[in-house]
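S.K.: The chain contents come next:
There are 2 protein chains.
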Amino acid sequence: MRVTFGLAAILVIALLTTTTWQRQPVPAFGFAAASAHAEDARERFFLAVPSADRIRQTHRVLAGEPHLAGSPRDQQLAGYIRDRFAAAGLEAIETSTHDVLLPWPEETTVEMVAPRAWRASMREEPVDGNPPPTSDSSESSLPYNAYSASGDVTARVVYAGSGNAEDYTRLEAMGIDVRGAIVLVRYAVPYSYRGFTVLTAQQRGVAGILIYSDPADDGAAKGPAYPYGPWGPDRRIQRGSVAFDFLVPGDPLTPGWASTKDAPRVTRDQALSLPRIMSAPLSAVDARVLLEAIGGPEAPAAWRGALPVTYRVGGGPLLVHMRVRSDDRVRPIWTVTGLIRGSEQPDQLVIVGNHRDAWTYGGSDPSSGTAAQLEMVEAFGQLRRSGWRPRRTILFASWDAEEFSLISSTEWGEEHEAMLQANAVAYLNVDSGVSGRVLNASAVPALNQTLTEIAQRVKDPAAHIPVAAAFRDTVTSGVLPEDASHDLVGNRFGSGSDYSVFLNFLGVPVADLSFRGPYGVYHSLYDNADWLERIGDPGFRYHVALVQLWGLLTLRLADADVLPLDYRPYAGRLREFLDEASATWPVPADFDQARTAATALGEAAERLNTERHEALDRADPAVRAQLDRRLMRAERAFLDPDGLPGRPWYRHAIFAPQYSYAPEVLPAVVEAIRTGDPGRVSAALDRLTLAIRRAVDALDGR
Amino acid sequence: MRVTFGLAAILVIALLTTTTWQRQPVPAFGFAAASAHAEDARERFFLAVPSADRIRQTHRVLAGEPHLAGSPRDQQLAGYIRDRFAAAGLEAIETSTHDVLLPWPEETTVEMVAPRAWRASMREEPVDGNPPPTSDSSESSLPYNAYSASGDVTARVVYAGSGNAEDYTRLEAMGIDVRGAIVLVRYAVPYSYRGFTVLTAQQRGVAGILIYSDPADDGAAKGPAYPYGPWGPDRRIQRGSVAFDFLVPGDPLTPGWASTKDAPRVTRDQALSLPRIMSAPLSAVDARVLLEAIGGPEAPAAWRGALPVTYRVGGGPLLVHMRVRSDDRVRPIWTVTGLIRGSEQPDQLVIVGNHRDAWTYGGSDPSSGTAAQLEMVEAFGQLRRSGWRPRRTILFASWDAEEFSLISSTEWGEEHEAMLQANAVAYLNVDSGVSGRVLNASAVPALNQTLTEIAQRVKDPAAHIPVAAAFRDTVTSGVLPEDASHDLVGNRFGSGSDYSVFLNFLGVPVADLSFRGPYGVYHSLYDNADWLERIGDPGFRYHVALVQLWGLLTLRLADADVLPLDYRPYAGRLREFLDEASATWPVPADFDQARTAATALGEAAERLNTERHEALDRADPAVRAQLDRRLMRAERAFLDPDGLPGRPWYRHAIFAPQYSYAPEVLPAVVEAIRTGDPGRVSAALDRLTLAIRRAVDALDGR
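First to last, the sequence lines map onto chains A and B.
Under numbering that gives the first Met the number 0, think of the first position of the first sequence as 0, with each following residue one higher.
Under numbering that gives the first Met the number 0, think of the first position of the second sequence as 0, with each following residue one higher.
In short, the hints are calculated from the structure, not lab data.
Ideal placement from N, C-alpha and C gives every residue a C-beta, glycine not left out.
Heads up, some of the hints might be wrong.
Only part of the chain A face toward chain B is listed, based on derived beta-carbon distances under 10 Å [stated by the list, open to error]:
| no. | residue |
| --- | --- |
| 1 | Ala-215 |
| 2 | Pro-226 |
| 3 | Asp-233 |
Ranges between beta-carbon positions, derived for each pair [unchecked claim]:
| no. | chain 1 | residue 1 | chain 2 | residue 2 | range |
| --- | --- | --- | --- | --- | --- |
| 4 | A | Gly-314 | B | Asp-151 | 49 to 59 Å |
| 5 | A | Arg-59 | B | Glu-110 | 32 to 42 Å |
| 6 | B | Pro-480 | A | Glu-297 | 28 to 38 Å |
| 7 | A | His-463 | B | Ile-464 | 37 to 47 Å |
| 8 | B | Asp-326 | A | Trp-117 | 32 to 42 Å |
| 9 | A | Gln-455 | B | Ile-464 | 36 to 46 Å |
| 10 | A | His-463 | B | Pro-480 | 24 to 34 Å |
| 11 | B | Gly-645 | A | Ile-464 | 55 to 65 Å |
| 12 | A | Val-112 | B | Glu-124 | 24 to 34 Å |
Please model the complete structure; the sequences and the hints are all you need to start from.
M.R.: Shown next, in the form of structure tokens:
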């Protein structure tokens with residue numbers, strides 16, 4: 000009895016020792032059991048590195064001054080990032096220059112001619128009293144709409160709600176003619192892309208468009224406004240580009256090819272993505288003066304905002320003089336890249352990017368993301384110094400002129416098209432990294448599994464539970480932002496950030512991460528360090544969590560024994576998208592072939608998953624490498640070489656932006672359905688079916 | 000079988016007919032079964048009269064222009080109210096004039112002398128852009144502190160948090176001397192009375208005090224600020240009186256007697272309620288400039304507000320020049336009264352009052368209440384024209400100069416002291432009638448039963464359930480304002496409105512009603528018709544509910560067969576108050592006599608309730624009248640003829656204001672406990688016991 004007890008005790012102790020000191024973690028997706036412990040240790044190491052204090056210090060450098068694309072400060076910061084890359088031990092650091100059309104403003108005049116003389120300030124004054132140190136205006140941060148046409152017109156003003164097609168139809172029904180008029184519209188929230196608002200106006204023959212921020216949308220009527228809270232003060236001006244990047248992004252003068260020194264360039268008149276009419280952003284303060292004078296019938300209820308005026312559509316004596324002059328110059332922009340070369344598959348690239356340029360200070364957009372990127376580089380540097388080297392190569396990129404038209408990522412991606420199509424494993428993007436506490440993770444469905452695992456590993460800094468659980472709580476409590484995905488990983492990709500060239504042009508799996516919250520200072524002078532430090536992320540805790548998420552995702556893709564991409568969820572989403580689209584088409588049977596292909600994709604994914612499972616048990620590098628190549632071909636297979644009808648640059652058959660930032664799934668099919676033409680629908684479905692079958696073949700290694 | 004069925008059917012029909020057409024309502028408290036049907040019918044009639052549209056029209060007249068006490072517009076509105084009283088058929092309409100000290104501002108200068116020259120605007124500019132039509136400034140609405148001393152000083156500035164005694168102790172511990180300095184303090188919320196803040200500063204030897212509204216307290220950091228929401232914009236200035244009305248309210252020159260033409264007057268130097276130091280209100284915009292320049296050590300955490308500055312206590316080079324000049328004139332004010340004479344007991348008075356004067360437009364304070372009062376008068380007029388006359392007389396009063404020091408109600412109450420002590424049944428007050436949706440009902444405990452019944456009869460306009468149920472929902476949902484009572488009827492009475500003279504000086508049961516909500520424009524130019532119509536009560540629905548509550552309360556007190564006052568809850572509250580006080584005193588047994596008296600009060604109330612029950616069954620007018628007289632004596636019995644130590648005007652033994660608006664229960668006892676002197680505590684308890692015994696005798700008719 001005594002002896003037996005002793006033996007049992009020894010067994011128990013041995014067991015405890017094993018579980019405590021040699022606990023074998025469950026392998027992460029794509030990792031062999033034999034690699035699990037090492038990967039777990041690396042991740043523990045990585046998770047411990049990010050420092051809120053260091054992120055704050057970095058952020059103060061980045062957001063301390065306005066750093067518009069092409070400006071001296073933007074160039075200085077390119078140097079600062081290069082130095083930080085070097086300090087962390089990155090290899091092959093490079094600063095590449097592209098010369099692109101980057102118009103800066105010379106004049107934006109909006110003035111009332113009748114019934115009285117008045118001129119819009121076009122200045123974002125400090126919200127009250129003295130200027131806070133980070134809110135000084137500077138020449139390079141004058142509010143304007145980049146790529147607005149230059150011009151000069153005096154015209155009557157029509158208020159057109161949010162300036163959507165339906166709004167103009169409504170005006171027409173009211174007998175109000177917008178041709179030759181200056182149209183005043185308000186930003187809609189969730190944001191519709193202002194470039195599309197301008198195109199819509201241009202198609203109706205307006206002479207110029209003024210886009211203002213109503214306090215009802217993301218301003219003082221929603222909650223405390225800056226400097227007291229996250230919402231936009233009345234004096235904010237949401238500047239921004241109006242390029243038609245939903246047609247083609249990047250330098251408007253090199254649509255589809257890189258803006259290298261000797262590249263051919265189209266003329267401004269030939270450029271598809273350039274507006275033909277004038278546009279300018281307005282503050283609520285200035286818009287109010289126009290709305291008070293505009294006269295005419297009362298605006299439809301849905302158009303009324305929170306300004307203390309009676310919203311009218313126009314018809315009074317109001318005459319406005321609008322003059323916009325932009326310098327229309329070609330300027331250099333700078334892309335900084337650096338890498339950690341992989342040990343086993345150095346040719347395979349995991350690319351991690353963030354843009355550096357900001358409309359003004361870029362407190363959240365993008366410097367919160369840039370600070371997170373530099374902290375991630377710091378953590379990878381420390382991991383590297385500990386002796387680690389990734390299986391695959393990790394490439395870090397600091398993009399430029401994203402704000403103008405996703406320019407440097409697009410030009411860089413176009414420049415390296417062949418290399419990237421051959422070697423890119425994934426592109427992992429962060430833009431405005433942090434503006435609040437709600438996780439916003441988007442990815443192609445192939446990344447769902449890995450992202451979900453990581454969201455279970457990283458802790459929410461406030462809730463002290465995994466970010467995945469905190470996200471669930473946010474969904475069930477109903478406080479999710481109105482345009483947010485209810486899935487932990489959103490799979491509907493639009494545009495609006497640097498992942499576009501990778502997903503839509505190159506067919507590379509992408510992910511995009513951020514923590515979001517109320518953010519009414521977007522693209523204004525008030526998106527500054529003070530906003531971020533006091534309101535957006537006090538204590539920089541969500542920056543730390545973002546670095547952890549982004550870093551672990553990078554680490555797993557770079558180190559996995561077989562790429563952690565799973566195409567079963569892709570097949571599920573495809574069936575969902577097909578159901579949605581076919582519900583809007585009188586002959587649902589037309590979708591049968593595509594449905595069959597989607598089912599085949601799920602089966603192929605299942606077969607590959609089985610093979611991967613076996614390959615992870617047997618350590619045969621050749622088998623694993625072959626699986627990697629099949630997986631890398633799968634996303635590429637969704638590219639239609641001819642692109643979407645009317646916009647050949649957008650080649651992905653499953654995802655595209657609508658003519659806005661919003662996502663459109665199965666874009667060619669959906670657009671064909673809108674035309675009502677069965678021939679077009681049938682053609683689009685055929686092309687889609689072929690793309691899905693190519694993906695099946697890719698997974699099957701045929 | 001067939002016959003039996005027929006009989007049953009007839010019986011059922013008869014029963015249904017009875018319940019439908021001759022339903023006998025449960026008699027309201029104080030009503031005989033025989034009166035219940037008539038009372039129910041009257042109440043149905045009354046409930047149907049109030050019209051949101053008519054209230055809005057009335058409100059636009061009242062709040063259309065600033066109407067400071069003593070101003071021409073105030074006098075015009077006295078005439079308007081007299082005309083409305085007359086149109087509704089009130090009798091014995093009278094406008095009585097009192098000549099009282101009513102200082103208007105000549106100058107309020109606050110300017111920085113060092114480190115740079117700057118001058119506080121002291122103006123509430125329109126919140127943005129052009130002035131809304133109702134926010135024009137006018138001479139009579141210059142922000143100032145009425146009754147501030149006039150003077151001129153240049154001194155260093157100390158920031159003293161909310162300016163409470165503890166705050167000065169804290170400064171002392173930090174080695175900061177406030178003597179001779181200008182002290183900057185912020186309004187605390189829930190409001191402490193600014194007059195007490197001035198007295199506290201005066202006692203510490205400061206030269207002048209500036210009181211500003213921090214956005215953290217009731218401003219833009221709490222939520223959308225006007226014009227977008229209920230909170231105060233940064234430019235608002237909370238003006239107001241700084242008279243020490245917690246010592247004695249009313250005209251400072253006639254403390255305790257009426258300001259009639261030939262009344263003796265004390266000199267300004269003799270007036271107990273007049274401050275000796277300068278004070279001025281400031282906006283957050285102006286205060287921020289001073290706080291940015293103030294220098295010295297960081298302020299304690301609790302003192303830090305939401306301005307984007309580092310809050311410091313002072314010690315830098317900041318020097319401020321402060322000059323206040325007030326005209327210190329005696330001016331006429333106007334009290335308008337009118338009545339509906341009672342049929343049975345015309346000598347018994349139910350008094351219904353609201354003040355008319357406003358600091359500026361008085362959107363909520365008081366014009367929402369004034370509009371409700373005129374609508375109630377309209378409803379009583381219609382009831383009167385239908386043939387009804389109340390059993391008791393109802394007297395309607397429109398008070399003046401409430402904002403300065405509860406002046407016209409105090410002077411009128413002092414003038415009619417003997418008549419009111421003999422005849423007043425109750426005083427039913429409304430001040431700021433509506434600023435939101437949460438019922439705020441306060442009363443002496445004798446009115447709890449009737450108020451509760453009425454709150455079950457009137458519907459909440461948004462929730463479509465009785466206001467009593469809606470109030471419960473508000474309490475359980477946790478959204479009750481922080482200083483609100485969690486009881487449907489709050490029984491802790493402080494001061495701050497016109498009920499003071501009735502309760503504290505005359506011993507008349509009082510009630511005070513309103514619907515409240517976030518209200519950051521209090522005492523500013525932005526408390527205007529636009530605020531009320533768009534934000535405080537869109538659709539004027541809560542105005543209708545207020546008229547219904549106030550009217551039904553009036554109706555029941557005026558028409559009850561025996562007065563609906565119940566002193567059992569009073570006994571319960573007294574025991575509660577005694578428990579609270581004795582818990583702070585080392586010898587709880589000292590409270591035994593008072594406890595015994597409270598128990599006796601409960602028993603006497605029970606006996607009276609039994610008698611009332613019997614009297615309501617037997618229609619003997621003499622018995623009922625005798626019960627009325629005993630009930631009317633009960634509240635009077637709580638008066639201590641000598642008043643509270645140091646403030647003889649405050650005579651009620653159970654309720655008084657603290658040296659602020661906040662309530663103090665058993666004031667003499669609690670203040671004696673604070674001195675720690677057993678002799679004083681014992682004397683105060685003896686006096687309290689005597690007062691309670693007098694109430695027992697009153698109820699018993701001895």
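S.K.: If a hint holds in the structure, say so; if it does not, say that too.
M.R.: Tested hints:
1. Ala-215: Ala-215/A check passes; min Cβ-Cβ to chain B is 8 Å, inside 10 Å.
2. Pro-226: This hint holds: Pro-226/A lies near chain B, its Cβ roughly 4 Å from the closest one there, short of 10 Å.
3. Asp-233: holds (5 Å)
4. Gly-314/A x Asp-151/B: 49 to 59 Å: holds (56 Å)
5. Arg-59/A x Glu-110/B: 32 to 42 Å: Because 35 Å falls inside the window, the suggested range holds.
6. Pro-480/B x Glu-297/A: 28 to 38 Å: Given range 28 to 38 Å: holds, Cβ gap about 35 Å.
7. His-463/A x Ile-464/B: 37 to 47 Å: holds (40 Å)
8. Asp-326/B x Trp-117/A: 32 to 42 Å: holds (38 Å)
9. Gln-455/A x Ile-464/B: 36 to 46 Å: holds (44 Å)
10. His-463/A x Pro-480/B: 24 to 34 Å: Hint holds: Cβ distance 32 Å, inside 24 to 34 Å.
11. Gly-645/B x Ile-464/A: 55 to 65 Å: Since the Cβ atoms of Gly-645/B and Ile-464/A sit about 58 Å apart, the hinted range of 55 to 65 Å holds.
12. Val-112/A x Glu-124/B: 24 to 34 Å: Holds - the Cβ-Cβ distance for Val-112/A and Glu-124/B, about 26 Å, lies within 24 to 34 Å.
Violated hints are absent here; each numbered hint is respected by the structure.
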